[in-house]
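Please take these sequences and the hints and turn them into a complete structure.
Chains as they are written, first to last, in our numbering: chain A, 376 to 586; chain B, 50 to 279.
Bear in mind the hints are in silico, worked out from the structure with no lab data behind them.
It should be emphasised that the depicted structure is a prediction, and the values quoted were computed from it without experimental measurement.
There's no promise every hint is true.
Derived coverage of chain A by chain B (criterion: at least 3 residues anywhere in the stretch with Cβ under 8 Å from a Cβ of chain B; other residues may be distant) [unchecked claim]: (1) 389 to 403; (2) 450 to 463.
Residues from chain B that face chain A, not an exhaustive set, calculated with beta carbons under 8 Å [said to hold, decoys possible]: (3) R69; (4) F123; (5) H124; (6) M130; (7) R160; (8) G161; (9) R188; (10) P219; (11) E221; (12) L241; (13) S244; (14) H246; (15) T247; (16) K258.
Don't be surprised by glycine CBs; every beta carbon is placed ideally from N, CA and C.
Residue strings, one per chain:
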Amino acid sequence: MIRFLYADSLSTQSRLAGAMFQDRAKQFSERLGWEVSVSADGEERDPYDALNPLYVIWQRPDGLHGGSMRFLPTTGRCMTHEHFQHLSDGAPVQSPFVWECTRFCLSASASPRTAARLMLAGATLMEGQGLTHFLGVFDAPMERIYRQIGASPEVLGSAGQGRSKTSLGLWSYSPRAKARLLKKAQLSEALMHHWYRRAFGAKAAPKSNAA
Amino acid sequence: MLEALEQASDLPQLQALSERLRDYFQVDHLVYHWVSGTGTQYGCGTYSPVWVQLYIERDYLRTDPVVAGCFQRFHPVDWKMLDWSGKAAKAFQAEALAHGVGNQGFSVPIRGPSGQFALFTVSHHCDDATWASKIEAARRELILVGHYFNQKALEFEPDRAPEAARALSPREVDAMTFLAMGYSRAQVANTLSISEHTLRVYIESARFKLGAANTTHAVARALQHGLIIV
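Dropping the structure here:
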């Protein structure tokens with residue numbers, strides 16, 4: 376199932392959280408070779424995990440981590456502003472209606488379906504919170520995954536070449552993209568809304584179409 | 050209304066505006082509440098002075114489920130979603146009701162730069178269905194207004210360098226410049242080879258940084274500050 380969890384509620388989910396930080400180490404340190412800091416017990420964390428971000432996590436039937444991503448508001452401290460200014464012309468996007476999405480991570484066992492489920496959870500979050508976009512940094516391999524599931528971001532800036540190319544992009548979901556995601560995710564919108572309500576309560580989707 | 054907010058230059062003006070905004074949103078109360086990590090608090094709003102005094106005296110900051118539920122978070126919260134089950138929380142709620150706070154509330158947590166935190170709240174006395182439709186209709190505006198209040202409060206901070214927040218990216222400058230030249234949004238998007246949907250982010254981001262009430266004001270402010278030249 377999809378879990379929407381702030382960092383301060385991870386303590387009650389230590390098995391899931393541990394698996395998430397370990398999968399992050401595997402993806403970002405081992406597979407992608409990023410210079411991230413990995414603890415002695417094999418967990419990858421950065422200073423933004425300490426700002427009480429919101430994690431959206433695909434929890435596998437065995438209770439462990441299938442994939443996840445991390446959100447912070449662009450009006451406060453966030454990673455793109457502090458580390459990827461060169462990708463946004465030196466002045467970052469700031470808006471109450473744009474949240475930053477970072478550390479999109481898939482466990483080694485994840486399928487394209489997992490990625491689609493996470494992206495669909497992102498769409499539900501965006502709609503439920505009345506957001507217009509997510510802002511995020513991604514690399515070339517991730518770009519391919521996003522394209523496969525039909526949720527490519529609009530690229531604002533890139534640096535580097537080939538596999539090590541890093542880009543900054545804005546995501547939003549057209550109704551068509553969402554329909555594609557639903558198909559790839561192989562679950563119903565009603566179920567996703569149910570998971571969303573478990574975390575945020577009340578109605579899932581106040582439609583926001585104001586400019 | 051938002052234009053007056055844009056012009057506000059001190060806390061008493063924000064106080065007067067909070068009263069007008071309360072009437073605009075047709076709610077019993079509207080409150081902006083700055084809470085630092087060390088427990089320093091200040092704000093403005095329409096709660097009765099007696100209630101504000103009691104809140105401070107009894108150190109309700111430690112009890113208030115709204116503060117506990119919103120602190121360190123960043124999604125707006127309907128008070129019904131919070132945990133009011135504890136003994137202290139129940140006593141606090143009874144006291145709040147007695148002082149006219151209302152049985153309904155909606156709070157927008159706001160994260161500013163360098164860990165700054167504030168809450169923007171509207172509260173009211175009505176049934177659940179009325180409240181739900183009221184909030185759904187005003188949600189976006191409430192988030193916007195809450196962030197205005199916070200930007201103003203940040204501007205009033207003595208140590209703050211105001212210009213630092215105003216840096217517009219070249220794309221934002223482009224967007225503002227073309228708008229100032231009278232281009233339509235579609236024309237600006239075409240000229241910049243981006244979608245209108247993405248253009249909206251640049252305009253919204255520029256508007257936010259300039260503390261402007263709307264796009265027209267953002268353009269005017271950008272011109273006034275010499276950020277764009279037409």
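Report task. So, R160(B) near chain A? Judge it on the closest CB pair being under 8 Å. Result -> holds, 3 Å
(Q) Is the interface hint satisfied for T247(B)? The criterion is a beta-carbon contact with chain A at less than 8 Å. (A) T247(B) check passes; min Cβ-Cβ to chain A is 5 Å, inside 8 Å.
*Does the CB of R69(B) sit less than 8 Å away from some CB of chain A?*
violated, 21 Å
Hint status (Cβ of E221(B) to nearest Cβ of chain A, threshold 8 Å):
It holds, given that the least Cβ distance between E221(B) and chain A is near 7 Å, below 8 Å.
Three-residue Cβ test at 8 Å for the coverage of the segment 450 to 463 of chain A by chain B: holds (count 4)
Quick check on the hint: M130(B) CB to chain A CB, less than 8 Å?
holds, 4 Å
Requested in this report: Have a go at the P219(B) hint: is there a Cβ in chain A nearer than 8 Å to its own Cβ?
Outcome: holds, 5 Å
> Close enough to count: is the Cβ of H124(B) nearer than 8 Å to one in chain A?
Replying inline: holds, 6 Å
Chain A contact restraint on L241(B) - CB to CB distance below 8 Å
The hint is violated - L241(B) has no Cβ within 8 Å of chain A, the shortest such distance being about 11 Å.
message = Restraint: G161(B) near chain A, CB-CB cut 8 Å. Satisfied or not?
response = holds, 6 Å
- If you look at each residue in the segment 389 to 403 of chain A, do at least three have a Cβ nearer than 8 Å to any Cβ of chain B? violated (count 0)
Hint check: 8 Å Cβ-Cβ cutoff, F123(B) to chain A: Since chain A brings a Cβ to about 5 Å from F123(B), closer than 8 Å, the hint holds.
Comparing the model with each numbered hint stated earlier shows that hints 1, 3 and 12 do not hold.
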